[in-house]
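Asker: Residue strings, one per chain:
There are 2 protein chains.
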Amino acid sequence: MSRIADEIRPFFEPGSIAVVGASTNPAKPGYNVFLNLAENKRKGLLKAELYPVNPRAKEVLGFKCCPSLKDVPGPVELVVIVVPAKFVPDVMREAARKEARAAIVITSGFSEVGNYELEEEVIKIGRDAGIRILGPNCVGIFDPYTGVDTVFLPLKKALEAGEEMISAPKPPKGRISMITQSGAFGVASLDYMAGHGMGVSRFVSLGNKCDLDETDFLEFLKEDERTDVVLLYVEDIRNGRRFMEVARATARSKPVVVLKAGWSSAGARAVRSHTGAVAGSDEIYDAAFRQCGVLRARTMEEFFSMGKALSMQPTARGPRVAIITNAGGPGVMTVDACEAKGLVVPELSEATRTRLEELVREGKLPPFASIGNPIDLTVSVTDEMFKLATEVIMEDPGVDGLIVLGLHHPPGLKGDYIEAIAELARRSDKPVVACDIGGADMADYVRKKFDEKGIPAFESPEGAAAAMWALYAYGRYLEKVKQAP
Amino acid sequence: MSRIADEIRPFFEPGSIAVVGASTNPAKPGYNVFLNLAENKRKGLLKAELYPVNPRAKEVLGFKCCPSLKDVPGPVELVVIVVPAKFVPDVMREAARKEARAAIVITSGFSEVGNYELEEEVIKIGRDAGIRILGPNCVGIFDPYTGVDTVFLPLKKALEAGEEMISAPKPPKGRISMITQSGAFGVASLDYMAGHGMGVSRFVSLGNKCDLDETDFLEFLKEDERTDVVLLYVEDIRNGRRFMEVARATARSKPVVVLKAGWSSAGARAVRSHTGAVAGSDEIYDAAFRQCGVLRARTMEEFFSMGKALSMQPTARGPRVAIITNAGGPGVMTVDACEAKGLVVPELSEATRTRLEELVREGKLPPFASIGNPIDLTVSVTDEMFKLATEVIMEDPGVDGLIVLGLHHPPGLKGDYIEAIAELARRSDKPVVACDIGGADMADYVRKKFDEKGIPAFESPEGAAAAMWALYAYGRYLEKVKQAP
Numbered sequence: 022m023s024r025i026a027d028e029i030r031p032f033f034e035p036g037s038i039a040v041v042g043a044s045t046n047p048a049k050p051g052y053n054v055f056l057n058l059a060e061n062k063r064k065g066l067l068k069a070e071l072y073p074v075n076p077r078a079k080e081v082l083g084f085k086c087c088p089s090l091k092d093v094p095g096p097v098e099l100v101v102i103v104v105p106a107k108f109v110p111d112v113m114r115e116a117a118r119k120e121a122r123a124a125i126v127i128t129s130g131f132s133e134v135g136n137y138e139l140e141e142e143v144i145k146i147g148r149d150a151g152i153r154i155l156g157p158n159c160v161g162i163f164d165p166y167t168g169v170d171t172v173f174l175p176l177k178k179a180l181e182a183g184e185e186m187i188s189a190p191k192p193p194k195g196r197i198s199m200i201t202q203s204g205a206f207g208v209a210s211l212d213y214m215a216g217h218g219m220g221v222s223r224f225v226s227l228g229n230k231c232d233l234d235e236t237d238f239l240e241f242l243k244e245d246e247r248t249d250v251v252l253l254y255v256e257d258i259r260n261g262r263r264f265m266e267v268a269r270a271t272a273r274s275k276p277v278v279v280l281k282a283g284w285s286s287a288g289a290r291a292v293r294s295h296t297g298a299v300a301g302s303d304e305i306y307d308a309a310f311r312q313c314g315v316l317r318a319r320t321m322e323e324f325f326s327m328g329k330a331l332s333m334q335p336t337a338r339g340p341r342v343a344i345i346t347n348a349g350g351p352g353v354m355t356v357d358a359c360e361a362k363g364l365v366v367p368e369l370s371e372a373t374r375t376r377l378e379e380l381v382r383e384g385k386l387p388p389f390a391s392i393g394n395p396i397d398l399t400v401s402v403t404d405e406m407f408k409l410a411t412e413v414i415m416e417d418p419g420v421d422g423l424i425v426l427g428l429h430h431p432p433g434l435k436g437d438y439i440e441a442i443a444e445l446a447r448r449s450d451k452p453v454v455a456c457d458i459g460g461a462d463m464a465d466y467v468r469k470k471f472d473e474k475g476i477p478a479f480e481s482p483e484g485a486a487a488a489m490w491a492l493y494a495y496g497r498y499l500e501k502v503k504q505a506p
Numbered sequence: 022m023s024r025i026a027d028e029i030r031p032f033f034e035p036g037s038i039a040v041v042g043a044s045t046n047p048a049k050p051g052y053n054v055f056l057n058l059a060e061n062k063r064k065g066l067l068k069a070e071l072y073p074v075n076p077r078a079k080e081v082l083g084f085k086c087c088p089s090l091k092d093v094p095g096p097v098e099l100v101v102i103v104v105p106a107k108f109v110p111d112v113m114r115e116a117a118r119k120e121a122r123a124a125i126v127i128t129s130g131f132s133e134v135g136n137y138e139l140e141e142e143v144i145k146i147g148r149d150a151g152i153r154i155l156g157p158n159c160v161g162i163f164d165p166y167t168g169v170d171t172v173f174l175p176l177k178k179a180l181e182a183g184e185e186m187i188s189a190p191k192p193p194k195g196r197i198s199m200i201t202q203s204g205a206f207g208v209a210s211l212d213y214m215a216g217h218g219m220g221v222s223r224f225v226s227l228g229n230k231c232d233l234d235e236t237d238f239l240e241f242l243k244e245d246e247r248t249d250v251v252l253l254y255v256e257d258i259r260n261g262r263r264f265m266e267v268a269r270a271t272a273r274s275k276p277v278v279v280l281k282a283g284w285s286s287a288g289a290r291a292v293r294s295h296t297g298a299v300a301g302s303d304e305i306y307d308a309a310f311r312q313c314g315v316l317r318a319r320t321m322e323e324f325f326s327m328g329k330a331l332s333m334q335p336t337a338r339g340p341r342v343a344i345i346t347n348a349g350g351p352g353v354m355t356v357d358a359c360e361a362k363g364l365v366v367p368e369l370s371e372a373t374r375t376r377l378e379e380l381v382r383e384g385k386l387p388p389f390a391s392i393g394n395p396i397d398l399t400v401s402v403t404d405e406m407f408k409l410a411t412e413v414i415m416e417d418p419g420v421d422g423l424i425v426l427g428l429h430h431p432p433g434l435k436g437d438y439i440e441a442i443a444e445l446a447r448r449s450d451k452p453v454v455a456c457d458i459g460g461a462d463m464a465d466y467v468r469k470k471f472d473e474k475g476i477p478a479f480e481s482p483e484g485a486a487a488a489m490w491a492l493y494a495y496g497r498y499l500e501k502v503k504q505a506p
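Those protein sequence lines, which keep their order, are chains A and B.
Using our numbering, the first residue of the first sequence is number 22, and each one after it goes up by one.
Using our numbering, the first residue of the second sequence is number 22, and each one after it goes up by one.
Warning: the hint list may mix true and false statements.
A pair counts as met if it fits within one copy or between any two copies, since identical chains are not told apart.
To be verified - No more than 27 Å apart at the CA atoms, straight line, and that leaves these computed lysine-lysine pairs for DSS-like:
| # | residue 1 | residue 2 |
| --- | --- | --- |
| 1 | 385 | 107 |
| 2 | 243 | 64 |
| 3 | 362 | 62 |
| 4 | 474 | 68 |
| 5 | 503 | 385 |
| 6 | 145 | 194 |
| 7 | 177 | 408 |
It should be emphasised that the hints constitute simulated quantities derived from the structure, not laboratory data.
This structure is a prediction, so every number in the text was calculated from the model and none was measured.
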């Protein structure tokens, strides 16, 4: 275990947590941070000792409140700070006296608005005391395994209109970890992943990166047994050389997908005004990512599609994709999307064609099925037909991966094809991804069911193609590394 | 009214309809086609006389059945044919004797599977009798205004697991018309539009285009008062010269958005095997679309985003986009996406900055708001702040369009910003589009609410950017036409 990984562990797995600024006022972030932790503590999920710190409260949500950090009866490993910016240095000094190891500074109003001196002061206190700092200006940590959760956006909201609804859901336990420079995009990502069948392992919002940055957390995740895939949202990378070193080492054991925002010229200007960071030339970033095996997404859909696929399916041995569908047009759209990403949609082998044509003659596939690539089973498709075609394709040595574009509308589809395909995928080392188009209940049902059974499902041909590309590109990188280590 | 438009009208607004092959067996398309029409007739939506034709049934869904077309007691303007392919010529001959004007041949098994002779026979009968034919191998027509609906995929399905759920919903009345060569993509599109706040005027699935093609329907939609935007999905275009003529004339009064599938080399091969059509060089298509003012989408998300925006918002006078957000990272992603599309995200004018900075000083915008472009109101945002910032931006002569990237998570947002922004947009001739990211109830609520109030809302920065680009590109085309008619 590297030193940095050792220093980062208390952020995710602390023995004790004090929330300085824990509040009884539901309108304040200090309330919601403490609420998350208190609820996880009550559920038995959070094992850490938990202390609210606030001189003006006797108790917060049933927990006895300490007037200041020094009054906390036990040791404090992790300090979460939610007080106004000007008070943060004092809290850090108290944390130092309490021998805290880690501090999450949620508070904003530091370098991101030009308040460099205050941030420097905080950095210095942390450095002198050996406290590692996350933030400031961040939403902190979410870990569904340990119950550490400082993401303070309220789970439910009451609208003016009176309705109450889920506003900021958190995804279930899973194998995807996320490092994000933008807290807002982080919160949106948790919401998105919760709604798209993606499970999370560790989530960290970096904020101003006054101390710990993307590379530090990447180094931690590299060794993390709970993490299979790393999603990384950044606007700038602090120390390029060290990042490349760590990213290269990480990519050898688990995929890293990056969304590097601010790649356009106006985007770079926006990054400067948003974080004060100079983003640097996008060509350099691009070359660096490529060199160290980091997969780059250019759009939000690509980012999540790639991460989802890599967390659920094996890599592809090559770029050759077969498509089985019941929808001719979307089949063609998928071919276009695959080829645009650099994948190949080859003609089927003679043996495979012959086998499929036999099935047509035997009446096991529709008489008007199109036996090409895509294989189009038409609107006459049944659950069984999807299964039969998938069986044939999975055995074709000329196919490296399969996209099942099973639109749910034909009357003959009852949903059983999902388990049948998932079962065939489980028995194979070829990746399978799915796509279903539509906003109806059944579209949601089909996609969720595929996800639950380990087949990542997407809402568009482009999402499925990006997913398959990631499985191919990462496989190719691993192959390259194996041959020239 | 052109002759062709006159000949196409009976497909959407027939005085009488006979469904040949109407069935009492819910597993057959002939059941669902008739079910749609029968229900619309009972609701009073469908004004046309409606006759099921089937020699082996006494009645279908309560309607007295005619053994053959010649037994129908009144005239038949539109014949819908759902019998096996080999019987279609006979039905067409009866339709001729009945002096029908229009026929929708749902049945497949014609040229798309190499059965050219049978298709020729059908064409000849139609031509000799003056019956215009839609199809074969199509899902036909959906018109929520007149109740003509031959899209035979069942609305609800019972899964093997026993649950019943909405499978193939139809969108509400609206101003978007769609012409699609792929029936499957057409059905998926109706499902998608129903779920994404898009209302439809006329929908037509072309199938094999044995007689009527995309250009014919485009010519009808050009004059159609109910259509504001045309979405066109094609894999090949039959008569390029005539298409360009009609498309050019159409684009002068309403936008046409095309998704031309099969633009990759493997995609073109897939089109050949799927429809038998030779797609032709994509560069030629691209140049042709550009010349006649047809806006081209390259992905499904772009296609629907562009159509949705053009149906709801005015065009932009120029490429200069302002972004108001409470989410720094997604703000930067939106800038990147805008610039990638050819839009400009300029610095704000001195006057606008000054006004916004005043609002910060007055405490009306958050102290840490970032006054640039994007304007980042941060997590401290309230409904009122979105309104104030929008007011200032809508008055800035240096801004041609606004993207509101209002992520719903901050506790201060109660939903009232939606109506406030919609009201400001209504008073302005600048386009406004919205984006909210996430899968939670409230993300859906916010997007739906924006849609209902006339502001098209999208799930990703890229969707919003594609939408704004379409508003700009179409505005630019109209300007060009005005200057050099």
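Asker: Compare the structure with the hints numbered earlier in the document and write down the numbers of the violated ones, lowest to highest.
Answerer: Those not satisfied are hints 2, 3, 4, 5, 6.
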